[in-house]
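> Spelled out, the chains give:
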Amino acid sequence: MAEPNDRRDRTARRLWPALALPGTFWLIALFLVPVYAVMAVAFSGTINIFGEPVPAWNPLDWQFATFNKVISDSVSGPYQQVWIRTAIYSFWALLISMVVGYPVAYYTARLAGKRRGLVLALILAPWWINYITRMLAWVNLLQDDGYVNKALGIFGVAPISWLSGNSYTVVMALAYGYLPYFIIPLFASLDRIDPRLLEASRDLGVGAVGTFLRVTLPLSKMGLITALVITALPMAGDYYTNTLVSGSPNTNMVGNLIELFLLQGPSKNFGAALVLLLSLVLLFFMAYYLILTQRASREAAR
Amino acid sequence: MTNTHVPVRAEAAPIRKWVPPWRNPWRRPYVLSAITWLYILWSLLPLLIAVQFSFNDGRSRSTWQGFSTQWYCCAEGSVGEDPSLLLALENSLILGVATVLVATPLGVMLAMGLTRWRSRSSKVANGIALVPLVTPEIVVGSALYLVMVNLYQFVPLGRPAMLLGHVTFSVSYVLVIVRSRLLSIGGDYEEAARDLGASPLQAIRTILIPLLMPSIFASAMIVFATSLDDFVVSQFLFGDASNITVPVKLYNAVRAAPTPALNALASLLLVGSFLALILAYVGLRARRRGARSPLEDLADYG
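So the protein sequences, as listed, match chains A and B. Numbering of the first sequence is given in the working numbering, commencing with residue 57 and proceeding in unit increments. Numbering of the second sequence is given in the working numbering, commencing with residue 6 and proceeding in unit increments.
To be clear, the hints were calculated from the coordinates, so they are not data collected in a lab. All of these numbers come straight from a predicted model, not from anything done at the bench. The C-beta atom is built at its ideal place from N, Cα and C for all residues, glycine as well. A couple of the hints might just be wrong.
Stated by the list, open to error - Distance windows between CB atoms, simulated:
#, chain 1, residue 1, chain 2, residue 2, range
1, B, ALA197, A, VAL89, 37 to 45 Å
2, B, SER89, A, LEU269, 54 to 62 Å
3, B, ASP193, A, ASN114, 44 to 52 Å
4, B, PHE279, A, ASN114, 47 to 55 Å
5, A, VAL110, B, VAL287, 47 to 55 Å
6, B, GLU196, A, ALA256, 40 to 48 Å
7, A, LEU208, B, LEU273, 26 to 34 Å
8, B, PHE279, A, PRO274, 36 to 44 Å
Chain A on its own, in the form it takes in the complex (with noise of 0.2 Å):
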């Protein structure tokens, strides 16, 4: 019998990693080697013919004039105030999130009782809703005829132009859009805590207020540094939601700037350059969470 066993454990030792290597390879092709493309082109130095530049693909022909360049542009120059808007846009709709959010998300998991399974299926559904078609339905509201300006009027307040360079729309939009993956995880952080802890810091005497400020929210607080940060990564990069919403480069923000040079213009290599300069400043947060996530998968696998 050891015989056959020993080739038996053989086989299933290779036949592990021979099921995960088709998806490795496919996110080496196509994911590393992307990211790597990106580096390429922004730190190309030849231009070719088209004004396009050429990517150097081997780390010694890499020139770094492109780069320089945007970092200091961005530290103080043309793009200085665009990466300041876009720090502010996402402050305040981190700020609103954080405000609308924390009280459903508690209501949702504490709370919600017997309707709890109607409010969350309610929560769930603007996320699974085309973030575009969320927008869209924004733009008709606020037209200069729409509805919002209606119901103003009613009020005796004249009509508001929304959809033309209005930061506070651009802010409103960001908010409503990235709202609901902000509360989702932090409904599945609060929805953790043991309710036995709650009632133990009632008994003992502390109020409503001192239990949430003492046992819930310091339960809840990695629920709300990964709502928080899975909210921020997206809305750094956003493009879309000011072009519906604004389309004036009154309000660009970085992401637009990056859609601009890779998509509408042939400096690519400054596209590429501020993508990386983004990805760097949110490295940070990328890391954070993702060893965030790989701990809470440890932990499962326990």
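Got chain A sorted already, so can you dock chain B onto it with the hints?
The following block gives chain B in isolation, referenced to the frame of chain A:
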């Protein structure tokens, strides 16, 4: 001794006739429930209005002119009559089905391989597989675009490039969903099959695949819905108008020449992804009738 104690106790425990609502932990959470329902209204009402206007009997997207199905078919410029809208719908559906057919087997194999194969290289591969989940879409989109244009020139922009892109971000979803199921069923069933004389491949085919079927099905449906809804990767890779997908079409047309036909197209997209999700929900419900609802599982797959 007893004489001194009695009055003290009477003083310390006075009978409270009225408790202010904020001190009563069992009061109904009116404020939180109001915030939650207002949020649900805010998040879904605009979409209901957008769907309503897809049935408008006129060209306006802001003034209701009566009910009609003309924007689905067959007024001029309706979904049924405008070839560019029909094409977008067709492209989206084909791309969604193709993505499911490639990404699901790839992801399932990767999940089995990475979960059962325990070594240092599997940890590295697992890390690579999770990075696409945390990378901002604009980085994924622009990286894929740059690699297709500069290195994989044999892959034309359009349907082939979009398929490669959609599979790349979908593989990670399948991996996460199937892996969690694999971890929860453990290795005992396969081991039993192997001890009874099954070869490793037989054990996978007769034991593991049937056990995983509900989550494979659910992940296929989720992949279909995300492919249908994807905007950023498609916009970077669609090439020219003949390969346009519904979200890209909506994005390009919203500010250009909007008629209720766009609302009709968006509503059809909505129906498509919701059908896929209802099927995913059914699949997850078949999976286990435990304490957690499938809605909560869907919430975890964020």
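> Could you run down the list of hints and mark each one as holding or not?
Results for each hint:
Under the hint 37 to 45 Å, the C-beta atoms of B/ALA197 and A/VAL89, about 41 Å apart, fit the expected range. The beta-carbon spacing between B/SER89 and A/LEU269, approximately 56 Å, falls within the hinted interval of 54 to 62 Å. Checked against the hint of 44 to 52 Å, the C-beta distance between B/ASP193 and A/ASN114 comes to roughly 51 Å, which is consistent with it. Distance hint check: the CB atoms of B/PHE279 and A/ASN114 are about 49 Å apart, consistent with the given range 47 to 55 Å.
A beta carbon spacing of about 52 Å between A/VAL110 and B/VAL287 agrees with the range 47 to 55 Å that was offered as a hint. Look at B/GLU196 against A/ALA256: about 42 Å separates their beta carbons, and that is inside 40 to 48 Å. With their beta carbons about 32 Å apart, A/LEU208 and B/LEU273 fall inside the hinted range of 26 to 34 Å. The supplied range of 36 to 44 Å is met by B/PHE279 and A/PRO274, whose beta-carbon atoms lie about 38 Å from each other.
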